[in-house]
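Chain by chain, the residues:
4 protein chains.
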Amino acid sequence: MPFTYRRTLHFRDTDAAGVVFFANYLALCHEAYEESLLAAGLKLADLFGTDDLLVPIARSEAEYLRPLKVGDGVRVEVRPEALSANSFAVHYEVYRSGSPEKLAARVRTEHVCTSPRLRERVPLPPALAAWVRQG
Amino acid sequence: MPFTYRRTLHFRDTDAAGVVFFANYLALCHEAYEESLLAAGLKLADLFGTDDLLVPIARSEAEYLRPLKVGDGVRVEVRPEALSANSFAVHYEVYRSGSPEKLAARVRTEHVCTSPRLRERVPLPPALAAWVRQG
Amino acid sequence: MPFTYRRTLHFRDTDAAGVVFFANYLALCHEAYEESLLAAGLKLADLFGTDDLLVPIARSEAEYLRPLKVGDGVRVEVRPEALSANSFAVHYEVYRSGSPEKLAARVRTEHVCTSPRLRERVPLPPALAAWVRQG
Amino acid sequence: MPFTYRRTLHFRDTDAAGVVFFANYLALCHEAYEESLLAAGLKLADLFGTDDLLVPIARSEAEYLRPLKVGDGVRVEVRPEALSANSFAVHYEVYRSGSPEKLAARVRTEHVCTSPRLRERVPLPPALAAWVRQG
Chain H
70 MPFTYRRTLH
80 FRDTDAAGVV
90 FFANYLALCH
100 EAYEESLLAA
110 GLKLADLFGT
120 DDLLVPIARS
130 EAEYLRPLKV
140 GDGVRVEVRP
150 EALSANSFAV
160 HYEVYRSGSP
170 EKLAARVRTE
180 HVCTSPRLRE
190 RVPLPPALAA
200 WVRQG
Chain W
70 MPFTYRRTLH
80 FRDTDAAGVV
90 FFANYLALCH
100 EAYEESLLAA
110 GLKLADLFGT
120 DDLLVPIARS
130 EAEYLRPLKV
140 GDGVRVEVRP
150 EALSANSFAV
160 HYEVYRSGSP
170 EKLAARVRTE
180 HVCTSPRLRE
190 RVPLPPALAA
200 WVRQG
Chain X
70 MPFTYRRTLH
80 FRDTDAAGVV
90 FFANYLALCH
100 EAYEESLLAA
110 GLKLADLFGT
120 DDLLVPIARS
130 EAEYLRPLKV
140 GDGVRVEVRP
150 EALSANSFAV
160 HYEVYRSGSP
170 EKLAARVRTE
180 HVCTSPRLRE
190 RVPLPPALAA
200 WVRQG
Chain V
70 MPFTYRRTLH
80 FRDTDAAGVV
90 FFANYLALCH
100 EAYEESLLAA
110 GLKLADLFGT
120 DDLLVPIARS
130 EAEYLRPLKV
140 GDGVRVEVRP
150 EALSANSFAV
160 HYEVYRSGSP
170 EKLAARVRTE
180 HVCTSPRLRE
190 RVPLPPALAA
200 WVRQG
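Chains as they are written, first to last, in this note's numbering: chain H, 70 to 204; chain W, 70 to 204; chain X, 70 to 204; chain V, 70 to 204.
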């Protein structure tokens, strides 16, 4: 069972074309990723705010299938995938609530563990590696 | 009892100083305002997306009392206040979760009902007026 | 010669990890796209704000090659590419200023002309088609 | 002569109501503040990214006088004002380009110099104090 994140879309997510701005689908998926990490007991500040570890996104891909509007409910499914000792991918499916629910976007991000201090790639810390395997 | 909106703070809310960007406290309060309207059964797209009605914010004030970090939980209390037939204010208190919970910001916005078509101020639509009175 | 957009990176572009938030690379490229359209004499409000035409992004891909910080200057090169009578792609290269300048990201977006009123794909309007050919 | 910052408004600045989102007027003014500091030779990363100095905003006030649309040009005037050894205010006037130019918003922010390490207010660093006096 993938982790699921739900929320309502707000004015802040949209632009003057009347629908959610394309870059905000990615921001929404990142929220879902953070909520999934928090739900697994990981502390975001420890994971990403230190000089020993940064987990930047190296690549993103998104297919925008349906427009999303202010007030729409969305459900985001989050599925991590191991890539190597130092990297992982996350797959997201964004569903617009309704009867029936509709797939609105597919997003994929690639993440690489690096040490700002050592200036090189480092293995995933154990708690993050466990989160990836769980997916 | 004021309407209460809760959520976790995300990377998207913060900036390189390590805490939530000051303008995003206002965006957070606007989310709480939208959620309060939705909870009262109002449709955001009908209220703000037509040529007959726009409810722009004419004024905002904010006191930033404590920094907020990625992963912090917040609770926003929303209290509308009637100002005139055409306008209302909304008062927000943003609390950072914890034991004890701490007041992190006080925000106030002023809203004016206007008709883009008529190019003048118009009375609040009944559903919005009822929401203001409820507060 | 591709169109070039330059600006400084601001706190608003960054997050608590200390660098530009990944989704904001896409927002930055969209700014460059809008500036390129404006420089060619197209009016954004006419192009994207009517019931007759919407040009949503159907797909995006991004490679994030280097972190970008507050105060960094960036230069974005914009290269449109025709795909069909109804669609086009835009290629972006984001360079971080310095001696030497460094490639910080490669982004690609795919755009589809649609008519919200007709609920179907429509050919690019002539001014937009001319902008794509110019690229 | 106050410092002046100019740019075009983008889709990212707007929301589904068709105009610039109210919190983004504040983000725009903060950009102008950053550009003013950079123009005076201050390094943003040194000023705001260290454990010895943080200059958070303690208060903001904004009057939104006119809507701003995608493609509009704006000019922001920045005027700092000394408040105490530890604090200063910045006054902003946002003008929408055109013939004639129109005042679109008045914004004021209050900034307090603090040391995260010492957990107390500290005097403005000399370069920042000089920038405030210049205003």
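Hints listed in this document are in silico derivations from the structure and should not be mistaken for laboratory results. Fair warning: this is a prediction, and the values are worked out from it, not measured in the lab. Some clues are possibly wrong.
Unchecked claim - Taking lysine-lysine and the BS3-like style, the derived pairs with C-alpha atoms no more than 30 angstroms apart in a straight line are:
1. K112/X to K112/H
2. K171/V to K112/X
3. K171/H to K112/W
4. K138/V to K112/W
5. K138/X to K171/V
6. K138/V to K171/V
7. K171/X to K112/V
8. K112/W to K138/H
9. K138/V to K112/X
10. K138/X to K171/X
The hints, checked one at a time:
{"no.": "1", "hint": "K112/X to K112/H", "in the structure": "46 angstroms, violated"}
{"no.": "2", "hint": "K171/V to K112/X", "in the structure": "20 angstroms, holds"}
{"no.": "3", "hint": "K171/H to K112/W", "in the structure": "20 angstroms, holds"}
{"no.": "4", "hint": "K138/V to K112/W", "in the structure": "24 angstroms, holds"}
{"no.": "5", "hint": "K138/X to K171/V", "in the structure": "34 angstroms, violated"}
{"no.": "6", "hint": "K138/V to K171/V", "in the structure": "13 angstroms, holds"}
{"no.": "7", "hint": "K171/X to K112/V", "in the structure": "20 angstroms, holds"}
{"no.": "8", "hint": "K112/W to K138/H", "in the structure": "11 angstroms, holds"}
{"no.": "9", "hint": "K138/V to K112/X", "in the structure": "11 angstroms, holds"}
{"no.": "10", "hint": "K138/X to K171/X", "in the structure": "13 angstroms, holds"}
Comparing the model with each earlier hint shows violations of hints 1, 5; every other hint is respected.
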